[in-house]
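A.B. asks: Chain by chain, the residues:
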Amino acid sequence: MSGQSVSGGLIARIAALATAVVFFQIGVVSEVPVFGVTIDLSILLVAFTGLLCGSTVGAISGFAVGLLVDLALVQTLGLTSLVFTLIGYWSGRLRELRDPQAALTPLLVGALATAVSLVGYSVMEFMLGVDAPVSFELLRQIVLGIVVNTIIALPMWMLVRRCLIGGLPQDPRRRRRRAYTTGGLSPLSRS
Amino acid sequence: MYNKTVRRRRAVLALLVVLALILLTAYFGEARNGALHSVQRGFLTVVAPIQDGANKALKPVRDLFSSIDEVLHAKSQNAELRKQNNALRREIVAEQIDHQSYNQLLSMFHLDNQLSISNYQPVSATVVSQSPNLWYSTVLIDKGSSAGIQLEDPVINGEGLVGKVTEVVADGAQVTLITDSTMGVSARLGASATTGILKPKVGEPNDLLLEYLPATTPDNKGEYVYTSGTVAPPDDSLYPPGIPIGEVTSGAEESGYEDLNVHPFANLRNLDVVQVLTIAPGSRAARVSNIVSSLPSGAQSSGGEASTAGQLASTGAG
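Chains H and Z are the protein sequences, given in the same order. Heads up, the working numbering is the position in the first sequence plus 23, with the first residue counted as 1. Heads up, the working numbering is the position in the second sequence plus 3, with the first residue counted as 1.
Worth flagging that the hints you see were computed from the coordinates, not collected in a lab. Possibly wrong hints are sitting among the right ones.
[Stated by the list, open to error] Computed footprint of chain H on chain Z, listed as stretches where at least three residues anywhere in the stretch have a Cβ under 8 Å from a Cβ of chain H: (1) 8 to 17; (2) 31 to 37; (3) 47 to 60; (4) 124 to 133; (5) 263 to 270.
Ideal placement from N, C-alpha and C gives every residue a C-beta, glycine not left out.
All chains should be modelled from the sequences, with the hints used to inform the complete structure.
C.D. replies: Dropping the structure here:
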């Protein structure tokens, strides 16, 4: 989507989805620990928004979702925004550079985004002076957090895709189909 | 065209990163009543009723997930509870013996009434959200300054000490849990009555460490830990004495001091209803409680000091 204009409809869809997901996260998901850790839907939302909409939209939505999380949970303002901005941008660049179409891409992106978020958050907290050396428990929580978020990544991807795909200027499904049905683009037609 | 797109994309990223860093720096640099904290409180004021509503509406969904989780853990919990039940039975017998000497001490001081938590004007509140982040041990509750809650008020639940209030708006408040890295509680060991400082165990966010105990302190596994309520002003403890906190799981000696690992009684990952003790720290009742906690250790059975404080506070005696 980089280089293309972003429609108001898409912005409205992202805003509505982000608000709903953040409040669902805070109100329900955060109070239901799975394997002793909490699922973090907001990381997945940002990563998948970037993966669908590109780096610029991914970065902006990452910043906004992070700010919303920090405001709603009375956390250090800017910290989550910084981490989520980088995740949104990175996911968007992945789409722009590689355009991965494999079915397991959301799983991989979800796992990597969660890992970057948890490790990045830990590094930021260390830099801000929180006294917490690396321990087995901390590593266990990070690993379990990645596993749990990876499990939930595919349903979350389907939800985000379903909500945002109508607002995208070019539907990825149509784009892929067209590549094999129109002349000139199919590898078979070149031979 | 391509260069323009790349430049714009990089400019947006740089702008957002700089903005986040500015926010971070400003937030750390300003006082608690600064502009960004005020914006945060304003946001909390607006969303607290919404969160409360959403929390109530989505409770069935949460309960469904919770019940699945509970069933999975029920078997191991059952065995653990049976062990605890046996241990408690033995403790009851010991407690009954202690109770007799406790009553004698009470009559010496002409103190008959028991201090109940009601002396601290508790306000019941529902937890409406919990930070999913490993680094923030905080929860938000649905009662605020309109219910009499103030900053630094202690928070408990049926199992023991939970934390203290660190932000308040009209209809909501933020509670920082005892496992947060910023917390420290003056605590006492059940049998030996030795006092120490209870802090979160570094790197293990669900456990606590009772520090600065004399090196001779025995590490009795299963020994109870409760709030001491400090006695020397101006360092009055925020917490009334005698509130259960947790039990000793193991010991760890460190540079001449004894440290004990403590597991909190309260299930801090799954809080539902809590009570905020709205009596102000340093108030008459709090001071009286502190005086009573300085009595000889034999008089400091959890009910004993509570009773003393209750009567003195209610009669207005200093």
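A.B. asks: Now tell me if each hint is right for this structure.
C.D. replies: Hint check:
| no. | hint | result |
| --- | --- | --- |
| 1 | 8 to 17 | holds (count 5) |
| 2 | 31 to 37 | violated (count 1) |
| 3 | 47 to 60 | holds (count 6) |
| 4 | 124 to 133 | holds (count 4) |
| 5 | 263 to 270 | violated (count 0) |
Hint compliance for this structure: hints 2 and 5 are broken, all remaining hints hold.
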